[in-house]
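J.: Model the full structure from these sequences, guided by the hints.
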Amino acid sequence: MRYLPHTEEDVAAMLERIGVSSVEDLFAGIPESCRSLRSMDLPRPLSEWDLIARMESMAASISGGASHSVFLGAGSYSHYIPALIPQLLGRSEFTTAYTPYQPEVSQGTLQAIFEYQTLTARLLGMDVANASMYDGASALAEALLMAIRLGKGRRKVALSSAIHPHYRQVVATYFSPTEFEVIELPYDPETGVTDLSTLADIGDLAAIALQSPNFFGCIEDLQRAADLAHGEKALLVACFSEPLAFGLIKNPGIQGADIVCGEGQSLGIPQSFGGPGLGMFACRMAHVRNLPGRVVGQTKDMDGKRGFVLTLSTREQHIRREKATSNICSNQGLCATASAMYMACLGATGFRKLAALNRDKAAYLKKRLETAGFTPLFKSPVFNEFCLKAPEGFSKIRKKLMEKGMVAGLGLGEFYPELEGTFLFCATETASAASMDRLADAIREEI
Amino acid sequence: MRYLPHTEEDVAAMLERIGVSSVEDLFAGIPESCRSLRSMDLPRPLSEWDLIARMESMAASISGGASHSVFLGAGSYSHYIPALIPQLLGRSEFTTAYTPYQPEVSQGTLQAIFEYQTLTARLLGMDVANASMYDGASALAEALLMAIRLGKGRRKVALSSAIHPHYRQVVATYFSPTEFEVIELPYDPETGVTDLSTLADIGDLAAIALQSPNFFGCIEDLQRAADLAHGEKALLVACFSEPLAFGLIKNPGIQGADIVCGEGQSLGIPQSFGGPGLGMFACRMAHVRNLPGRVVGQTKDMDGKRGFVLTLSTREQHIRREKATSNICSNQGLCATASAMYMACLGATGFRKLAALNRDKAAYLKKRLETAGFTPLFKSPVFNEFCLKAPEGFSKIRKKLMEKGMVAGLGLGEFYPELEGTFLFCATETASAASMDRLADAIREEI
Amino acid sequence: FKESLLWEKGKKGRMAFSMPLSDVPSAEELPCAMAGDGPDFPDLSELEVVRHYTRLSQWNYGVDSGMYPLGSCTMKYNPKIHEKLAALPGFATAHPLLPESLSQGALGLMFELQEMLKAITGLDAASLQPAAGAHGELCGMMLFDAFFKARGEKRTKIIIPDTAHGTNPASAALCGMKPLPLRSGPDGILHAEDVAALMDENTAGIMITNPNTLGLFETNFAAIAAIVHEKGGLVYCDGANMNAVMGYVDMKRMGVDVVHFNLHKTFSTPHGGGGPGAGPVCVTRELEPFLPVPRVVKRGEGYVLETDFPESIGRLHAFYGNFGVLLKAWAYIRSLGGDLKRVSELAVLNANYIRESLKDDYDLAYEGICMHECVFSDKGLKAFGVTTLDVAKRLIDLGFHPPTVYFPLVVSGSMMVEPTETESVEELDRFIEAMKRIRKEAESEPETLLQSPSRTFVRRLDETGAARNPCLCGGM
Amino acid sequence: FKESLLWEKGKKGRMAFSMPLSDVPSAEELPCAMAGDGPDFPDLSELEVVRHYTRLSQWNYGVDSGMYPLGSCTMKYNPKIHEKLAALPGFATAHPLLPESLSQGALGLMFELQEMLKAITGLDAASLQPAAGAHGELCGMMLFDAFFKARGEKRTKIIIPDTAHGTNPASAALCGMKPLPLRSGPDGILHAEDVAALMDENTAGIMITNPNTLGLFETNFAAIAAIVHEKGGLVYCDGANMNAVMGYVDMKRMGVDVVHFNLHKTFSTPHGGGGPGAGPVCVTRELEPFLPVPRVVKRGEGYVLETDFPESIGRLHAFYGNFGVLLKAWAYIRSLGGDLKRVSELAVLNANYIRESLKDDYDLAYEGICMHECVFSDKGLKAFGVTTLDVAKRLIDLGFHPPTVYFPLVVSGSMMVEPTETESVEELDRFIEAMKRIRKEAESEPETLLQSPSRTFVRRLDETGAARNPCLCGGM
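Chains as they are written, first to last, in our numbering: chain F, 1 to 447; chain S, 1001 to 1447; chain C, 2001 to 2476; chain X, 3001 to 3476.
Keep in mind that the hints were calculated from the coordinates and are not lab data. Nothing here was measured: the structure is a model prediction, and the numbers come from that model. Every residue, glycine too, gets a C-beta built ideally from N, C-alpha and C. A hint or two may mislead.
[To be verified] Now the stretches of chain F that chain C is said to cover, found in silico as 3 or more residues with beta-carbon under 8 angstroms:
hint: 1; region: 174 to 186
hint: 2; region: 270 to 280
hint: 3; region: 284 to 296
hint: 4; region: 337 to 344
[Claimed, not checked] Pairs of lysine to aspartate or glutamate residues, derived as EDC-like cross-links and limited to a Cα-Cα distance of at most 20 angstroms, are as follows:
hint: 5; chain 1: F; residue 1: 353; chain 2: S; residue 2: 1050
hint: 6; chain 1: C; residue 1: 2382; chain 2: C; residue 2: 2445
hint: 7; chain 1: S; residue 1: 1367; chain 2: X; residue 2: 3363
hint: 8; chain 1: S; residue 1: 1353; chain 2: F; residue 2: 418
hint: 9; chain 1: C; residue 1: 2084; chain 2: S; residue 2: 1041
hint: 10; chain 1: X; residue 1: 3149; chain 2: S; residue 2: 1179
hint: 11; chain 1: X; residue 1: 3149; chain 2: X; residue 2: 3115
hint: 12; chain 1: X; residue 1: 3341; chain 2: S; residue 2: 1010
hint: 13; chain 1: X; residue 1: 3118; chain 2: S; residue 2: 1050
hint: 14; chain 1: S; residue 1: 1379; chain 2: X; residue 2: 3028
hint: 15; chain 1: F; residue 1: 300; chain 2: C; residue 2: 2463
hint: 16; chain 1: S; residue 1: 1404; chain 2: S; residue 2: 1360
hint: 17; chain 1: X; residue 1: 3012; chain 2: F; residue 2: 9
hint: 18; chain 1: S; residue 1: 1323; chain 2: X; residue 2: 3162
hint: 19; chain 1: X; residue 1: 3084; chain 2: S; residue 2: 1050
hint: 20; chain 1: F; residue 1: 305; chain 2: C; residue 2: 2008
hint: 21; chain 1: X; residue 1: 3011; chain 2: F; residue 2: 201
hint: 22; chain 1: F; residue 1: 389; chain 2: F; residue 2: 437
hint: 23; chain 1: C; residue 1: 2154; chain 2: F; residue 2: 418
hint: 24; chain 1: X; residue 1: 3084; chain 2: C; residue 2: 2083
hint: 25; chain 1: C; residue 1: 2298; chain 2: C; residue 2: 2083
hint: 26; chain 1: S; residue 1: 1399; chain 2: X; residue 2: 3447
hint: 27; chain 1: C; residue 1: 2341; chain 2: F; residue 2: 437
hint: 28; chain 1: S; residue 1: 1396; chain 2: X; residue 2: 3100
hint: 29; chain 1: C; residue 1: 2298; chain 2: F; residue 2: 41
hint: 30; chain 1: F; residue 1: 353; chain 2: F; residue 2: 322
hint: 31; chain 1: S; residue 1: 1367; chain 2: X; residue 2: 3028
hint: 32; chain 1: F; residue 1: 404; chain 2: C; residue 2: 2008
[Claimed, not checked] Far from chain X, some chain S residues (derived; all Cβ distances over 10 angstroms):
hint: 33; residue: 1011
hint: 34; residue: 1021
hint: 35; residue: 1048
hint: 36; residue: 1161
hint: 37; residue: 1189
hint: 38; residue: 1202
hint: 39; residue: 1203
hint: 40; residue: 1230
T.: Here it is as structure tokens:
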């Protein structure tokens, strides 16, 4: 076995040094009550070549974004990833290192994460970001728990129902074992943005949470939400699933959000069937001691040279144990590094241009679909996603298109029963005008 | 343009420092008589994404070895390449370095090449190998020129006609501008190995050259050739196109060859439509000052620490100019490193096992094709290639099979008119029994 | 060589991204109130980006650089082929909301991985959703909570030994459970009577790391589990140290109700400088109804995502967990099959070889055979004014990553060495030699240790200052 | 950290290769006389191989590590996307003897590259077969030979200036031509009258590097070419320095009969520590019949390999040259298109910026505007006992690869600096600053220079000893 270097002679010599006569003797301490009675029921080992053949055929059976005909967003976005990112990220000094507990041999990881934190804070308009969370959904749950810690006794949080349904489900899971309550805020069926009119009646609120652009693709007025929240002495938690939007729209920080979190997959991370992604998380400096997860800080070495370390570990579980700000240990470090590389590749100039291109593509797709009989559902401006009401008989057509490898939007009825028959579409820079024409034409033909 | 860092301000500031007013001024020295009168007729720049799409479609149009149904060898062999080789070889410290003129910052390349030289010498049974040549064909040409240099006035070299026809053509090209003569030795139509009976009549021979396994796949008796050559005071140049054979058969060195050269593509290098490959070249220590190409040697640094440098440069063109042992400057350094990685991956144990597996696969294919009406052409033992006489009507069948992506051997008639209707087949470890059965069955069905 | 921070480089107008030409008209302008200025990022050329990260990588140490005996982290060799497989376009570009008919390859892989994890533990059901080990622990505690809720109970305490992993108490606390500390015995393992003294009907159960963080197998596990079960409690096994016992133990027979894996440890997906990992859980039949949704289920010849499990704790991840990590674990398990038992055997052999070879130079925390890691203390070094930290830093100068230090807390100045099975005996010998040399230096030239590391890009860093005046965001 | 040689590692029986299981019966044994023992290679585990090469790579410096101003080598940024493209399975696994119907993608790419090279030079035909620059030169000399042979002539001499590339004389010698040295003028360029004095009917022609190795454009090129042509000779242009003049010159108007490219220089395929490169040639209509076979030709909508050119010099490579390198050059040219002219402009701008910034610290070999590289001498340093070599080694300690040194021979102690267009002005400024610092150190602390480099894995090496007692093969 090429991963195991031991020859029989090696094993014999080592056993002799240890003073036992067989490898099994090393396991003699495992009592019968714990022992496995039969060998593990696993398939036979595959050679590297059979493994490749097997996985290639599995991978080939999946209809990838490479065909440019999957018009789905909803928390996972098809964006071009410069070839240099996987190539640099794949350098084994990055991939095969552990959490940088020993800073002297981990400055590469540490500086890369410090830079990630900085770029993230700039992107979101916040003071400080952590080194990453698992994904956008768990980041939102952690943000709300953080708001509760900061809320000094307040027991409720209010979530916009225009937040990604999966994110709200994860929040519910995290809150279920606790004594805290989650309240949903309705969306305005005309504009597609959160209806904040009921907010004042709730009381005892530690935080309210909105997503912008929201699940419907609509851009929320976070400033107004922040004002209302602050009026209630609650925090505004702003979340997102498409950070590229901040190339064009005002960032949440500038609009008064207290905690900003969301999913960073769009920033140079492959879609990979939903994971690994990147939970981004940022807050105001005033709240930093309540920030969950790891953070990297700048410091100096014995000679006064700039260096970086994991810091504020007094918030963390190995010091604070049950009083830690979260239980997170492994995070999405390599994905955070990938996203920093991506932000560095684009720069301010590129980020803005690419964001504009995304918005243009979505506008084009929307227009084309309207010619095919779709009608707009909401009035608010959007970024690269939007909701449309489908023409009669579309569900059948949609299935037919699937057989041709075209995925025509996401049905909203599953998440919002009142929106049965409406669909969420997405078009990014990877959608060519030709592919969008093809979709619209195919639908028009069938109707 | 992402490769060009200059902003307009940069350019302006630099021009000012230089003291000219425009970039064009820097080219003012180019006289009208040399100037291009119109802009270059090149296609418009492609974005990274359009480039990928274009090249993917070109690549996809090529019927690759991945289908395992290309039963061709003849100087280019389908072998599995461990994933670690491209990954390590692709480390930019290896790929983006130049020839190691500055040894203090090039120890990685230098040690890797020193190791390549050593493993190559061991594989071929020789004392010393150079840092690589362009390919097997040019290595053979250079070997014969070296033999002429050593031959002190002898003006002829004799080549077995069972050497790869392309290699012989390259030798002819190299010899054409010189005053030296190339003579061909016939092959024995029964055994498929070189007929050495005419050798003694030639006279004035600096070298004779044989390939083993030869172009027909047959294993030559190099020892006998060496004895005969040495009897004529000529050198034996042994060449090869499939070095994996030396896992099973006697290496050329042990059989008395003076210079050994050939193609190393089999050793971990992608087939890549024939290049880049690897010209391997080794000789006896006595002849080292006549060795063409670069060599790396071991030495010590100022502190007595082991280190490596390019050495024996007094043979080379930048010192010796027209008296150099060859004009070679850039070689196939990275391919040499790849092959060293490959030899290191296999080790003695693996190399031998894999060689045996290749021979077994070829034997199986041969047997299966015999059941489909083919008959053996030559009697000599083979490694992973062999020649068969095809049954009536096979040419048409072969075309049909091609449409199914199966390439059923290489027609020999193009290279040896007398062998019209015979074919050279190859099966390596990448050919599954199932794919060979499929081929044989398909042929049998059509006949 | 010094490498600036990203925003100390670049010039406005550069770009390292190939901007596609637009083939559509421009959309109408955003309303002013919504429009922002875009982020304040540096503009860089492609070469600037490439050099920046190439240089940063050169300041890092990974498993490919050398032995990384970081206890409790299982820093084994990460097969290179896995990176290639994870990058296959079908996997890398798969949208998670693809209709099931277009994503069978992904669902099938997940289903098979679930089956294989069940086979390795002996348990009845699995969920792949947790994105890391601590996420798996959290999932486990949520399962506990849901289990008791379904019985109309709310248990508010949980027993956590001093030899458990550091994240355990925080995971329990997130589910509103208060940890009851349990001391290990003088032999480094847990004793049934101590558990019996703590366990009651308000206690949800116990979280045991086995082998524990001292590298010792909890031989009383089954008895402890019986006590917990008798009081209606549940047993959680932290499986971070699974690399020691594959093929040797049956979690179900041991009495485990929930166990999590660290795929990035046991199944060799790379750690990536801190993630992404994956922390699947396996559970008994009794806890299966509570597993997170969606679950991957086989229907006829195909696979579907099933959400209709009314007792489920709900969704734990936006989609299905770290699929890209899962597929590497699938590849690893399929590459080894039953040889996983050999993996554990050699991991334990390597650890005992180190234990035996260094026991005269460093004080063992506990005598006798260990499992996949062994723990030393700095007791014998204190006389020379040298601590565990100094040994760790000196090892860096000798070309090794240090062991885990000052953990577990139960051993003072602990050094937790986990060599893993992929290290050869020659490499172990080199490590042993370095450790012996440091032991000698501690006596003869302690200053060398105190001043180390000296060969790294930076020397010892001021961590106190970093925490006191945090600078977490640059260039403001 | 020290890394052993391969054969100082490993143990009999290890293997870092996944040996496929056999699905066929064993062949009969080889006859005894033929059977050997197999090579004496070390047996290693996969991790041993990975660590070995990871460590070796860490001792190397590449363009991605920092500025690499090696004159005459055009060490520009190598786009990362090219590596991915070359690895596409269709390209990487293509057998060169595939029937044409199954290899149109490869043939089409080669045809298009030929067309683009023609467009860049203005010449009439191209061959992609030469595997490196010197192979291209050799091809050129063979074309000369064949051309004269076809006219019943055998010319035995060739004019080679002192500012030509080092390989030129050896290439000519291989074709039986004796180089006639031609001195450049006091202004560093060639003069028509000097050529006229040498050129006769026994002289095949001239090999000119333009821009020459002093970084100067040969302004008398057209006049020189006319003289050579008048005597029936041919003009070879060594195109290694093409990066300076793309879009500015027309090789045909200049009077060039053959020019070669170094794809690994001008078109940015990586140099790989010494290869593989590619050295295509472009020729005039008159020389086209002599180009190597096979040639890639368009037939209708498809492409074929044509061998029927009776005057051809024959085959120069076992197959079609370094296809894997060619495709990277194709990708580079397609990525830039007409912007190649901008490439040359910025390459020349960068070189002049360095020339102007350092001319007060180091002696310029020749004054005035240069093309893509500039040449300094160590004249002003000698007073301090410091040489070009010391400057080069000291640059290493300051984080830069040294320039080309002691070449061209025509300048004593020459330092040939070619920054290339992919270096930013900030990086140039850092290089200039380092060079200025060294100049100061030469005066104030020459010992620092003489002892450098001090920060590398090895210090200055004994090259004389290496040549005197060559050890070219290890472990015997």
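J.: Hint by hint, note whether the structure agrees.
T.: Tested hints:
1. Coverage of the region 174 to 186 of chain F by chain C holds [criterion: at least 3 residues with CB-CB distance below 8 angstroms; count 5].
2. For the region 270 to 280 of chain F, the stated coverage by chain C is satisfied: 8 residues place a CB nearer than 8 angstroms to a CB of that chain, which reaches the threshold of 3.
3. Counting residues of the region 284 to 296 of chain F whose C-beta lies closer than 8 angstroms to any C-beta of chain C gives 4; at least three are required, and the coverage claim holds.
4. Counting residues of the region 337 to 344 of chain F whose beta-carbon sits less than 8 angstroms from any beta-carbon of chain C gives 5, enough to reach three: the coverage restraint holds.
5. Annotation: proposed proximity of residue 353 of chain F to residue 1050 of chain S holds, straight-line Cα distance about 18 angstroms (limit 20 angstroms).
6. Pair hint residue 2382 of chain C plus residue 2445 of chain C holds up; C-alpha atoms about 14 angstroms apart against a cutoff of 20 angstroms.
7. The hinted pair formed by residue 1367 of chain S and residue 3363 of chain X fails the criterion: a straight-line CA distance of about 74 angstroms is larger than 20 angstroms.
8. Straight-line distance between C-alpha atoms of residue 1353 of chain S and residue 418 of chain F comes to about 67 angstroms, which puts the hinted pair past the 20 angstroms bound.
9. The suggested pairing of residue 2084 of chain C with residue 1041 of chain S is violated, with an alpha-carbon distance near 39 angstroms, which exceeds 20 angstroms.
10. Proximity of residue 3149 of chain X to residue 1179 of chain S is assessed by CA-CA distance (about 13 angstroms); at most 20 angstroms being required, the pair is judged to hold.
11. A C-alpha spacing of about 28 angstroms is found between residue 3149 of chain X and residue 3115 of chain X, which places the hinted pair above 20 angstroms, so the restraint is violated.
12. A threshold of 20 angstroms between alpha carbons decides the hint, and for residue 3341 of chain X with residue 1010 of chain S the separation of about 18 angstroms falls inside it, so the pair holds.
13. Distance check on the hinted pair: residue 3118 of chain X and residue 1050 of chain S sit about 23 angstroms apart at the alpha-carbon level, beyond 20 angstroms; violated.
14. At roughly 14 angstroms between alpha-carbon atoms, residue 1379 of chain S and residue 3028 of chain X fall within 20 angstroms of each other, so this suggested pair holds.
15. Under the criterion of a C-alpha separation no larger than 20 angstroms, the hint pairing residue 300 of chain F with residue 2463 of chain C is consistent with the structure, at around 8 angstroms.
16. Taking the CA atoms of residue 1404 of chain S and residue 1360 of chain S, the gap is near 26 angstroms; set against the 20 angstroms cutoff, the hint is violated.
17. Restraint check: the Cα-Cα separation between residue 3012 of chain X and residue 9 of chain F comes to about 10 angstroms, which is no more than 20 angstroms; the hinted pair holds.
18. Of the pairs offered as hints, the one joining residue 1323 of chain S and residue 3162 of chain X holds, with about 16 angstroms between alpha carbons and a cut-off of 20 angstroms not exceeded.
19. Taking the CA atoms of residue 3084 of chain X and residue 1050 of chain S, the gap is about 14 angstroms. The hint holds against a cut of 20 angstroms.
20. Restraint check for residue 305 of chain F and residue 2008 of chain C: satisfied, since their Cα atoms lie roughly 16 angstroms apart, inside the 20 angstroms limit.
21. A distance of roughly 76 angstroms separates the Cα atoms of residue 3011 of chain X and residue 201 of chain F; the hinted pair therefore is violated under the 20 angstroms criterion.
22. The straight-line distance between the Cα atoms of residue 389 of chain F and residue 437 of chain F is roughly 19 angstroms, inside the 20 angstroms bound, and the hint therefore holds.
23. Taken as a hint, the residue 2154 of chain C and residue 418 of chain F pair is broken in the structure, with Cα atoms around 36 angstroms apart against an allowance of 20 angstroms.
24. Between the alpha carbons of residue 3084 of chain X and residue 2083 of chain C the distance comes to roughly 14 angstroms, so the proposed pair stays at or under 20 angstroms and holds.
25. A hinted pair counts as satisfied when its Cα atoms are at most 20 angstroms apart, and residue 2298 of chain C with residue 2083 of chain C does not qualify at roughly 28 angstroms.
26. Restraint check: the Cα-Cα separation between residue 1399 of chain S and residue 3447 of chain X comes to about 74 angstroms, which exceeds 20 angstroms; the hinted pair is violated.
27. Restraint check for residue 2341 of chain C and residue 437 of chain F: the C-alpha separation of about 56 angstroms exceeds 20 angstroms, so the hint is violated.
28. Proximity of residue 1396 of chain S to residue 3100 of chain X is assessed by CA-CA distance (about 16 angstroms); at most 20 angstroms being required, the pair is judged to hold.
29. Between residue 2298 of chain C and residue 41 of chain F, the direct Cα distance comes to roughly 18 angstroms. Compliance with the 20 angstroms bound is thereby established for this hinted pair.
30. For the given pair, residue 353 of chain F sits about 46 angstroms from residue 322 of chain F by alpha-carbon distance, which is inconsistent with the 20 angstroms threshold.
31. A threshold of 20 angstroms between alpha carbons decides the hint, and for residue 1367 of chain S with residue 3028 of chain X the separation of about 12 angstroms falls inside it, so the pair holds.
32. Of the supplied pair hints, the one linking residue 404 of chain F and residue 2008 of chain C is violated, its CA atoms being roughly 49 angstroms apart against a limit of 20 angstroms.
33. Listed as a non-interface residue, residue 1011 of chain S fails to keep its Cβ farther than 10 angstroms from every Cβ of chain X; the least gap is roughly 7 angstroms.
34. Non-interface status of residue 1021 of chain S relative to chain X is upheld: no Cβ of that chain comes within 10 angstroms, the nearest being about 13 angstroms off.
35. A beta-carbon of chain X is positioned within 10 angstroms of the beta-carbon of residue 1048 of chain S; the least distance is around 6 angstroms.
36. Listed as outside the interface, residue 1161 of chain S is consistent with that label: its C-beta sits roughly 16 angstroms from the nearest C-beta of chain X, beyond the 10 angstroms cut-off.
37. Every beta carbon of chain X lies more than 10 angstroms from that of residue 1189 of chain S, the smallest distance being close to 20 angstroms; the non-interface claim holds.
38. Remark: the non-interface label on residue 1202 of chain S is consistent with the geometry, its nearest Cβ contact in chain X lying 23 angstroms away (cut-off 10 angstroms).
39. Separation of residue 1203 of chain S from chain X is adequate, the least Cβ-Cβ distance of about 23 angstroms exceeding the 10 angstroms criterion.
40. At the 10 angstroms boundary, the C-beta of residue 1230 of chain S stays outside the reach of chain X, the nearest C-beta of that chain being 19 angstroms off.
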